[in-house]
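Undergrad: Mind docking chain B on chain A? Use the hints.
One-letter residues, chain by chain:
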Amino acid sequence: MPAVSKGDGMRGLAVFISDIRNCKSKEAEIKRINKELANIRSKFKGDKALDGYSKKKYVCKLLFIFLLGHDIDFGHMEAVNLLSSNRYTEKQIGYLFISVLVNSNSELIRLINNAIKNDLASRNPTFMGLALHCIANVGSREMAEAFAGEIPKILVAGDTMDSVKQSAALCLLRLYRTSPDLVPMGDWTSRVVHLLNDQHLGVVTAATSLITTLAQKNPEEFKTSVSLAVSRLSRIVTSASTDLQDYTYYFVPAPWLSVKLLRLLQCYPPPEDPAVRGRLTECLETILNKAQEPPKSKKVQHSNAKNAVLFEAISLIIHHDSEPNLLVRACNQLGQFLQHRETNLRYLALESMCTLASSEFSHEAVKTHIETVINALKTERDVSVRQRAVDLLYAMCDRSNAQQIVAEMLNYLETADYSIREEIVLKVAILAEKYAVDYTWYVDTILNLIRIAGDYVSEEVWYRVIQIVINRDDVQGYAAKTVFEALQAPACHENLVKVGGYILGEFGNLIAGDPRSSPLIQFNLLHSKFHLCSVPTRALLLSTYIKFVNLFPEIKTTIQDVLRSDSQLKNADVELQQRAVEYLRLSTIASTDILATVLEEMPPFPERESSILAKLKKKKGPGTVTDLEEIKKERSSDMNGSAEPASVNASAVSTPSPSADLLGLGAAPITNSAPPPSSSGSLLVDVFSDSASAVAPLAPGSDDNFASPDLASSEVVSEEPADTVHDADELFHKFVCKNNGVLFENQLLQIGLKSEFRQNLGRMFIFYGNKTSTQFLNFTPTVICSDDLQSSLNLQTKPVDPTVDGGAQVQQVVNIECVSDFMEAPILNIQFRYGGTFQNLSVKLPITLNKFFQPTEMSSQDFFQRWKQLSNPKQEVQNIFKAKHPMDAEITKAKIIGFGSALLEEVDPNPANFVGAGIIHTKTTQIGCLLRLEPNLQAQMYRLTLRTSKEAVSQRLCELLSEQF
Amino acid sequence: MINAILVFNNHGKPRLVRFYQHLAEEAQQQIIRDTFHLVLKRDDHICNFLECGSLFGGSDYKLIYRHYATLYFVFCVDSSESELGILDLIQVFVETLDKCFENVCELDLIFHMDKVHHILQEMVIGGMVLETNMNEIVAQVEAQGKLEKAEGGLSAAPSRAVSAVKNINLPEIPRNINIGDINIKVPNLSQFM
Chain A
1 MPAVSKGDGM RGLAVFISDI RNCKSKEAEI KRINKELANI RSKFKGDKAL
51 DGYSKKKYVC KLLFIFLLGH DIDFGHMEAV NLLSSNRYTE KQIGYLFISV
101 LVNSNSELIR LINNAIKNDL ASRNPTFMGL ALHCIANVGS REMAEAFAGE
151 IPKILVAGDT MDSVKQSAAL CLLRLYRTSP DLVPMGDWTS RVVHLLNDQH
201 LGVVTAATSL ITTLAQKNPE EFKTSVSLAV SRLSRIVTSA STDLQDYTYY
251 FVPAPWLSVK LLRLLQCYPP PEDPAVRGRL TECLETILNK AQEPPKSKKV
301 QHSNAKNAVL FEAISLIIHH DSEPNLLVRA CNQLGQFLQH RETNLRYLAL
351 ESMCTLASSE FSHEAVKTHI ETVINALKTE RDVSVRQRAV DLLYAMCDRS
401 NAQQIVAEML NYLETADYSI REEIVLKVAI LAEKYAVDYT WYVDTILNLI
451 RIAGDYVSEE VWYRVIQIVI NRDDVQGYAA KTVFEALQAP ACHENLVKVG
501 GYILGEFGNL IAGDPRSSPL IQFNLLHSKF HLCSVPTRAL LLSTYIKFVN
551 LFPEIKTTIQ DVLRSDSQLK NADVELQQRA VEYLRLSTIA STDILATVLE
601 EMPPFPERES SILAKLKKKK GPGTVTDLEE IKKERSSDMN GSAEPASVNA
651 SAVSTPSPSA DLLGLGAAPI TNSAPPPSSS GSLLVDVFSD SASAVAPLAP
701 GSDDNFASPD LASSEVVSEE PADTVHDADE LFHKFVCKNN GVLFENQLLQ
751 IGLKSEFRQN LGRMFIFYGN KTSTQFLNFT PTVICSDDLQ SSLNLQTKPV
801 DPTVDGGAQV QQVVNIECVS DFMEAPILNI QFRYGGTFQN LSVKLPITLN
851 KFFQPTEMSS QDFFQRWKQL SNPKQEVQNI FKAKHPMDAE ITKAKIIGFG
901 SALLEEVDPN PANFVGAGII HTKTTQIGCL LRLEPNLQAQ MYRLTLRTSK
951 EAVSQRLCEL LSEQF
Chain B
1 MINAILVFNN HGKPRLVRFY QHLAEEAQQQ IIRDTFHLVL KRDDHICNFL
51 ECGSLFGGSD YKLIYRHYAT LYFVFCVDSS ESELGILDLI QVFVETLDKC
101 FENVCELDLI FHMDKVHHIL QEMVIGGMVL ETNMNEIVAQ VEAQGKLEKA
151 EGGLSAAPSR AVSAVKNINL PEIPRNINIG DINIKVPNLS QFM
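These protein sequence lines are chains A and B, in that order. Going by full-length UniProt numbering, the first residue of the first sequence is number 1, and it counts up by one from there. Going by full-length UniProt numbering, the first residue of the second sequence is number 1, and it counts up by one from there.
Just chain A, same shape as in the assembly (with noise of 0.2 Å):
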């Protein structure tokens, strides 16, 4: 029994608690709980004025209540009058009430605010702790409205007791979460990040976590923080595990703060400074050391706080992505840990080396660990281990272990848990598609998929599928064999008929030569299967029983009797008696001829993302998915020596290479600036867009060559909301080094540039093509510049004609000049008619300053000269960065030579270096400009500096060059 003198307690409380514990059914407990809001709200509501502890008693009941899952939607006035309460115990009850049962109403939020308000200027610690819980507990908008202003007053003033300067920090942190507009940086930045030196460890715990979120969002203004942080981390991680006292956890000094502080060097690149970084190298060095000493205690709360560490430690490592020797000593022990005989430390490990995968140094040494990841998926007994693993396998899959891992996974596949099911067959389709060196192998992998786990492929994979073999001859007659065989077994699953007819449909003439598979075989083969399917699968069916006619002239009379028959001609659904009514005409009266052209071979698909991908990105949520594949697809594009990037300066057309990235990967891809003319055009449309339309290459019921503008309507009502910015920065981005191009392409529409500049006058033509078959009305393109813009950029444009037809493309010219340096871009907005809806897009005109550049040439001697000149620090950008894609000499030069600038040769005394001159052209000034860049290709990284004599084109020329490497 649990001694009584706990605190206080009420005594109503505790009976009606008692009360509904008694309850012998839920009917019984309603009804106790009816009757005490009943009870509560008369006591609110009645003339005689409650008592601070009657208002408390009856608040906690609420509360209770409101556990046991009921709504509760009155009693918020009588917590707001507690706050102004004078005792600590009611003060204290309302502040509870009012975080747990948080309330939109304003009138009320302002009541509360004033309360609050009170107490924050009360200078009484207990009150303004509570003040501040509630608002980091609430944090609503209107509340960062009244106190962002206040709060980093409390936090960094002198004689704020610790306690409240622990609140504080979380709390801006809160405000900065929900309304980051709301809180002004200042001053008080740089004292907040002198916190990270506070004697108090609660108070550096709370700073660090504050620091790390602004750091993420400012991290030129909190960048003192590193060093700071390393010292700390330093000082905690060498002292002796009674040093810290109260924070030394099971033996570990203080884990939560390290873990804090790991994190937020997290949000930096290693650090410059020779000194700290050696500092820090010192220190992860330390905490991997301290993984291999034995074990203080045998709690497992002792091997928790330190694993914490350690694998903070790791991920930081990770981060950095720079020094090899601590890397392998990272993976080395995420090695050892994946065979530990705590599950939670496998789970971590698998996780960890996820990330560990895509480092290049690391990546051969995660690869080393393939069949323990293998054993794991075979054996843990968790879902969530099984998963990591999974997921591993997919991160450490490369050309050289891709059937390996497949196979592995097709093999889980058969018992895997039905939660990931899906997930797994995205993966295994990717893999299979990205790492097919035979397409042979690729599509009996995708065959076994559907075999094993038919229900979870899902469309974007079988799609995906037919795409690809419509696209590569070589495999064409495999597959058609394949899916000719797998189609034998008695029952298989509706996606392998879906393929099956599809295939056998467009490639069945290439095994109609065997006699075990002759025209007739192979059409009673996939019959025999029509009435067991649903109906999206039998119209299927039924396309490719036209498309046999035309391919077998020999059994025409035999699919005629099939189309003819009742169960066709006179079938329920209507899609299915159409089909079967059109295809049994068109069979009749059209001549060979017309039958094959109207029934030829589907063309080749456009190379784009993969849905498969863009579907497991869905599932998975952005960024994850992307990093992993952005890197590796670097990779792989390095190593097969397909130069993609190389489009600088190249012209608008160039036509998809089959051979490309299977996968589309790249940003989107740039077809004919022509449109397509317009059937085949919105053939491919269908096919990509969404599920109805699935079977729409041979959609009937249209006159003008199976494009039915109804269906085509229909598809496009989901169309993008109106009124989005296209901010397609990639794609803007790839215009900064070059001048032509696709700028913008959805369903409807497609738009190209082309664009010529001298000195500080240019001209671009701009074309929109109509990609559908309907007419666009009332087509108004706008070219809207910002204030700011209008009075640095002059921008004439002409006129275009309303009406843009169908397939149609029509062109519009701007007339440009530039006045005086400018930063952002014009938007040009786009509003038309199509169909019964307003369509209405945004995407920003890639006019930029570098545009206006004119190449100088000059000497090494001329150019060290003015580099000085420039050398006040305003003149100077500089940059450090990331590189985004692979670090490629000629490439980087190409971009340069893009960018405007003429790019100096053997000028530079490090002959790895670029350096660039020119001089940027405005109607007012000329602006001499002079660049650096220097690439690190050990850690992935360019400096960039750029010096010219005015601080805004630095600046601004500096953003537009760093985002091209």
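Just to be clear, a hint being listed does not mean it is correct.
What the hints assert, rightly or not - DSS-like, lysine-lysine: derived pairs with alpha carbons at most 27 Å apart:
| no. | chain 1 | residue 1 | chain 2 | residue 2 |
| --- | --- | --- | --- | --- |
| 1 | A | LYS893 | A | LYS882 |
| 2 | B | LYS99 | A | LYS299 |
| 3 | A | LYS950 | A | LYS874 |
| 4 | A | LYS35 | B | LYS13 |
Keep in mind that the hints were calculated from the coordinates and are not lab data. Just so we're clear, the structure is a prediction, and the values are computed from it rather than from any experiment.
TA: Chain B only, in chain A's frame:
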């Protein structure tokens, strides 16, 4: 950031619920139920972390939990928190409860809900960790206790009343206690894993 702290017993009855993001009552109850079902089917020797899918509307969240005798302590956190760190934090929370209630048991959480909230408040505010040093937390809680006592008068009598109620009106309490598993007794239970 910690998104939610949930404590419920082996039957899924919530004993402490704290959300740090705004959610409607129904959504909160749904999350409690779903979380309970997720952790219930896991035996005690597998990993203490689990992905909660779309429970909180994003894939970035994880559930980190520990099971002590009759109670589950579940923290839902995003990727900015260290998993092992949160496990430690749960331990600190339970040890602190144990100190403040002298051998804490499930009943303490029921009858002293407000106090449990106040203890939690000294550790976590707005989803962020305020203090991890147990002695510091206990000191703060004791300071509160003193304030309450100083405000005196009304607290003494009800406190006696509670003890009377707890002993007399609730025949089921001794029964539960006799089973012996309701006590959380931290020292015995650190053998998670």
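Undergrad: Next, verify each hint and record whether it holds.
TA: Results for each hint:
1. A:LYS893 / A:LYS882: Holds, at about 18 Å.
2. B:LYS99 / A:LYS299: 19 Å, holds
3. A:LYS950 / A:LYS874: Given that 27 Å is the threshold and the Cα spacing comes to 8 Å, the pair holds.
4. A:LYS35 / B:LYS13: 21 Å, holds
Going through the hint list in order, the structure satisfies each hint without exception.
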